[in-house]
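On the provided structure of chain A, position chain B as indicated by the hints.
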Amino acid sequence: MTNHWLSVVVFAPLVGATINWLIGRRVRSEAFIGIIACGSVGISTVIAFMIAFTEANGAALTNDAATPVMSHLWTWMQVGTFRADFGFAMDRLSGIYACFVTFVALLIHVFATGYMHGDRGFYRFFAYLNLFMFMMLTLVLADNILLMFVGWEGVGLCSYLLIGYYFNRQEAGDAAKKAFVANRVGDWGVILGIMLIFSLTGSISFFDKPAMEGVGAVESFLTVARGMPVESFTWGAIFAGGLTSAAVLLFIGATGKSAQIPLFVWLPDAMAGPTPVSALIHAATMVTAGVYMIVRCSQVYVHAPTAMFIIAIIGAATAIFAATIGLAQNDIKKVLAYSTVSQLGYMMLACGVGAFGAAIFHVMTHAFFKALLFLGSGSVIHGMHHEQDMRRMGGLKKYMPITFATMLTGGLAISGIPIFAGFFSKDEILWKTWSTASLGVANAGQILWLIGAVTALLTAVYMTRMMVMTFWGGERFREVPAGGQASEAHAHADDEDLKPHAARFDSAGDRPRHETGAHVGDAHHGSPHDEASDLTIDDDEDEHAAHHGPFTPHESPWVMTVPLIVLAILSTVGGLVGVPYALSSLIGLGDINYFEHMLEPAIAHAPGEHGAAANGGGTHQTPSASNPEWLSPPPQAHDGASPLSVGDGSHGEPGGGRAHDPHEVSMERLFTGISIVIALVGIGIGWLMFQKRPLLAMPRLLENKYYVDEVYNASIINPLKTGSRNVLWLFFDVGVVDGIVNGVGRGTREIGSVLRHLQPGFVRSYAAIILFGALAVIGYFAFSAYQVLPFTR
Amino acid sequence: MQQYLLTILILLPVAGAIALAAHGLVAPYRRESHYRWIALGFTIATFALSLLLLSGGIGEDATGAFKFVQNVPWIGAIGAGYHVGVDGISLWLVLLTTLLMPIAILSSWNAVEKRSLAYYASLLILEGAMIGVFVALDLLVFYLFFEASLVPMFFLIGVWGGQNRVYAAVKFFIYTAVGSLLMLAGIIALYFIHAQQVGFGTFDYVTLFEALREGRMTIGARPEFWLFLAFAIAFAIKVPLFPFHTWLPDAHTEAPTAGSVILAGVLLKMGTYGLLRFNFALFPGMSRYFAPLMITLAVIGIIYGALVAMVQPDVKRLVAYSSVSHMGFVMLGLFSFTEQGMQGALYQMLNHGVSTGALFLLVGMIYERRHTRMIADFGGLAKPMPLFATFIVFASLSSVGLPLLNGFVGEFLIMLGMWNSGFDYAWIATMLAATGVIWAAVYMLWMLQRVLFGRVTNAHNARLPDLNAREIGLLAPLLALMLLMGAYPQPFLNRSRGSVEQVRVRVAAPHTGGTFTAGVDKSSNVTGDR
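Residue numbers (the working numbering), protein chains in the order written: chain A, 1 to 793; chain B, 1001 to 1530.
There could be a bad hint or two in this list.
Cβ-to-Cβ under 7 angstroms is the rule here; a few derived chain B residues that face chain A [stated by the list, open to error]: (1) P1243; (2) V1308; (3) V1311; (4) G1380; (5) A1382; (6) A1434; (7) V1442; (8) H1460; (9) L1464; (10) L1467; (11) N1468; (12) Q1490.
Pairwise CB distance ranges (calculated) [claimed, not checked]: (13) B:A1469 to A:K398: 52 to 62 angstroms; (14) B:L1293 to A:M50: 54 to 64 angstroms; (15) B:R1370 to A:M689: 49 to 59 angstroms; (16) B:Q1003 to A:A211: 47 to 57 angstroms; (17) A:A56 to B:I1428: 44 to 54 angstroms.
Stretch by stretch, here's where chain A covers chain B in the computed footprint (C-beta under 8 angstroms, at least three residues) [what the hints assert, rightly or not]: (18) 1118–1129; (19) 1412–1424.
Treat the hints as calculated values from the structure; they're not laboratory data.
Beta carbons: idealized from backbone N, C-alpha and C, even for Gly.
Bound conformation, chain A alone:
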């Protein structure tokens, strides 16, 4: 059905951004800016939920026919047979996404009004944040892949702007540029993937759209792909120019946006942005866009087993690689950043083994608990007066009880303790990996499961380490810091009084200023003092004396703790919507896996397993080396989908055709048990290793992140710069081409000097000579052209 309120969901944040950019900058009232920013996202949230759940608005998530709600605005480009609309659609997949994105974003916006209090760029921050919401919702709700790409690049732009928010800091600028360029490398793949999809299927629309006034009907490329044969599982398929090639090209984009090997390097650096940005963009929403795209195009992927295999391998490798690095980081945000990369690896692994529903489930629970952890870390940083180094924390649970309790929830959720949200989603991914039938290599599922299980163990260990270093043990912040950097991070409160808006741009890292007078006894206002060796042209920067004594950490104000509490609740119960049959049946609840049933119409299954037990973990295929299902022609299972429906035929009737093989169910329960043991062991190891010795030195290779950045610099970036400068520009452009041109010119001048005695020195004579010269040349050319060209037919 058509419902133009859907466009309001997308455009409300854009209006908010515009108001804040144009009016907010003049008003400079934090209340005004905050209300506009949170209000616009609030409008999106409310309308998104209404469209998702209420019958009158289309009930995109709950209507029985799984009919998407659509809003066609205008035809964006139409040239020849190529057509891209500017229109939005909410189906089961984008509905789930839109709901959790708007809701989590609303909480983070509220949190940010407290966190960014006193910042000179307050309006700018919220304008960017709202612009991000516009782009993210465009990405999610776009009804065709090119418009999705608008959001895809747009969120990259906002990420660039927000990472570089403290723009006069070198590392923020570097990180921002790195993020944009790494994403652009991925975008290269997306653009080509889109073009290949168009040339294969003749469409770029996600949905079958009926004809409307002025525009014709469109068939979804997913519908077309469904009718195409599954491609063979060979390396050659990647370069064959078929669906496998398209799938791989799109996945290149996903490695950029979702920070997978080899393009993950930008995400840890992106922590130079303010913490709410890290929570919203670099944990909960934008970085999962790659997963979204793959699930959205799952119909393409199930026809491309080679691409699926690559995704699974890359996902698993990224998961364990990032987890080991996360083990050795000392910056609280860096730990969480690598943790995010690792969790994104899990989601990719799930996509690779065909468990698209599990991937989206993990995206959602991850949004809850990782946003919670990031906001919690922001609260810690806020309370610690802009300290991010966990080596200077410790014992904070006494001072920040709410932050502690909520972060503990998040830590348990990500570690995979039962009941908490992360448990169900991660457990499902691991089980689906073990039991997968979609990988064309014998025992690949088991090997990948082992990698996933080790990663789960490492996750529990580094999370415990982070919690222990931050909240337990001695109060190391009272000790005199060795490096002296921490002392520089605190400027005296007097500065605030002297210069109300001074040095906002100069705060180091993600270190916003405290609110004045919000906390009793909060004497320290952290406008951190940058290197004092700078030129004294910025006189407002050098007035920050770095003299201060020991301080007491404090709990954050309610605008920051309330979002934490809400997210903590979601991190606890949010996973219950997706309890698999194997567990819910254990306690007599029957099949209550609402999440997968809801998502079912929007995702594709390998043609071989169409109609089989597609959810609840009850797939009955056993891995086999040859895996003939991939090679068999796909059953043409058209089930009379309405013209206005998801371009995917697998409208598995919920409750129908799902077999719960008792053996499979008991196996799944066994693996759940193993998962719980892994989580407990990991937490135990973490506690035993770090509780007594929180500053235990970690391997240098891990602390230095395997030197990946250094390798990239030495092997790609530096040769490119040197080559471009010395070979292309100075040698070829200036040397060769201009050399030839100037050589000819010099020769002409020599001739000219011989003829110099002809110059009478009068302008009129010059003019005459030029005229006759020109005529002579023209005449010569005309004559010779006539002579040279044989005018024959």
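Okay, now just chain B, sitting in the frame of chain A:
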């Protein structure tokens, strides 16, 4: 009125130049500041008049016929006529010219201190010549305008340019003049071929086109080979196509801001316009024959221009090299011979004029303040000049092809067209061209970072005044266009569809005339006949 409109558009700026001269000679209280007002008035009037072209029904039918046609005999003895008209291809280019001109005048408001009368007169004459190039339908008239545009630009660079202006001006002149002489020879040859086969000689484009299409006139393979080259080299230098590009960085860098804007915004398009209008329509067989070579050079230009742009220490030179890269995209789209590619190329011509024009304006603004263009002399400008920072980031994003801004539409359509062009290895060309989006991000963002972000390291930059109302006013229309053309390109594309199709059908279909013979094949080193 209809048939005189184009002539009025050509002559109005020239009348403005005459008015300037008259004012300088006659008016008793003449003051330097009057000239710019006169020039502004005439360019705005021209722009306003040119908007009437939109009412002419261009693009409403699929035939792509010429509108506002005026065709009168001129030199009867040689059959030369004054024939002008506008269709979907030239419509937007004319409007781009008339839009950029007042902006260029405004950008020179305080920058030009010496000989302002001659300066503004040059700009006005240039405008008349440029409009003439786009509307001329007689090859001789086209050639005259093509050459006429060279002279004022030569003076603009050579007199009002930077330190190395004379070298740059001479280089620009010689490069372009060499090319256009070749074209003149080609035009004359066409005249004689027509005379020989049809019975009377003509320079008229429409007559030649119809004669060729209907088979009344055929050009043998060998002459077509040379004719194509004669035209193509003239246009390739103008575009500029790699490796004929080395005049461009010098000319762009040394030219005054207005000169750079016009040069990048309009003059380069004369090359791609010429290829589309004349080479494709008159020599379709050879256009197909040379396409692999042209595509290869275009792709090299895209990557080469971007990589060299990356390492430039001079902002203006960086933007100049980025033009080489962007115009490579236009060439790629044209030679894809697909609807998407050619429409995208035409669209990209407009985009490049808007985006690169805006970038040159912005660079000019900081040049006026600091009298340097070296990236190393800047740094941290976002702090003293937040508005400038916003505008240049916006224009840069348009230039790197961010979706929803104009550059993306053109680049995507071009790549889509190339991908589906059916050439062997078209996918490799597309994949290589698509790396242009990565390089563009690298060089642009790196430049932005070094100019805008970080700490203010140079004391001269700490107190720079932000953009004033005039500067905002001249940038605002361009920024608005970037957004409009990115989000709602269909009205622009619809207008040009018919005319582009007309040419495409001609160039993509097998040629009725001479086919390429083995004998000529040996004589050339071009391979990859299609």
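- Message: The hint names V1442 of chain B as touching chain A; please verify it with the least Cβ-Cβ distance against 7 angstroms.
- Response: It holds, given that the least Cβ distance between V1442 of chain B and chain A is near 6 angstroms, below 7 angstroms.
- Query: If you check the beta carbons of L1293 of chain B and M50 of chain A, does the distance land in 54 to 64 angstroms?
  - Reply: With a Cβ separation near 59 angstroms, L1293 of chain B and M50 of chain A satisfy 54 to 64 angstroms, so the hint holds.
- With a C-beta cutoff of 8 angstroms, work out whether three or more residues of the segment 1118–1129 of chain B approach chain A closely enough for the coverage to hold. violated (count 0)
- Task: Return the status of the interface hint for V1308 of chain B: holds when the least beta-carbon distance to chain A is below 7 angstroms, violated otherwise.
- Result: Hint holds; V1308 of chain B Cβ to chain A Cβ min 5 angstroms, cut 7 angstroms.
- Item | Interface restraint verdict for P1243 of chain B against chain A (beta-carbon cut-off 7 angstroms) | Holds: closest Cβ of chain A sits about 6 angstroms from P1243 of chain B, inside 7 angstroms.
- Using Cβ atoms only, decide whether N1468 of chain B comes closer than 7 angstroms to chain A, and label the hint accordingly. With Cβ-Cβ at 18 angstroms, over 7 angstroms, it is violated.
- Message: Under 8 angstroms between beta-carbons, do enough residues of the segment 1412–1424 of chain B, three at least, approach chain A for the coverage claim to hold?
- Response: holds (count 6)
- With a cut-off of 7 angstroms on the beta carbons, see whether G1380 of chain B makes it to chain A. holds (6 angstroms)
- Quick one, is the A1382 of chain B hint okay against chain A at 7 angstroms, beta carbons? Given a least distance of 6 angstroms, the restraint on A1382 of chain B holds.
- Query: Between A56 of chain A and I1428 of chain B, does the beta-carbon spacing fit 44 to 54 angstroms?
  - Reply: holds (53 angstroms)
- Message: Quick check on L1467 of chain B please, does its C-beta sit within 7 angstroms of some C-beta on chain A?
- Response: violated (15 angstroms)
- Query: Does the nearest C-beta of chain A fall within a distance shorter than 7 angstroms of the C-beta of H1460 of chain B?
  - Reply: With a minimum Cβ separation of about 9 angstroms from chain A (threshold 7 angstroms), the hint on H1460 of chain B is violated.
Comparing the model with each numbered hint stated earlier shows that hints 8, 9, 10, 11, 16 and 18 do not hold.
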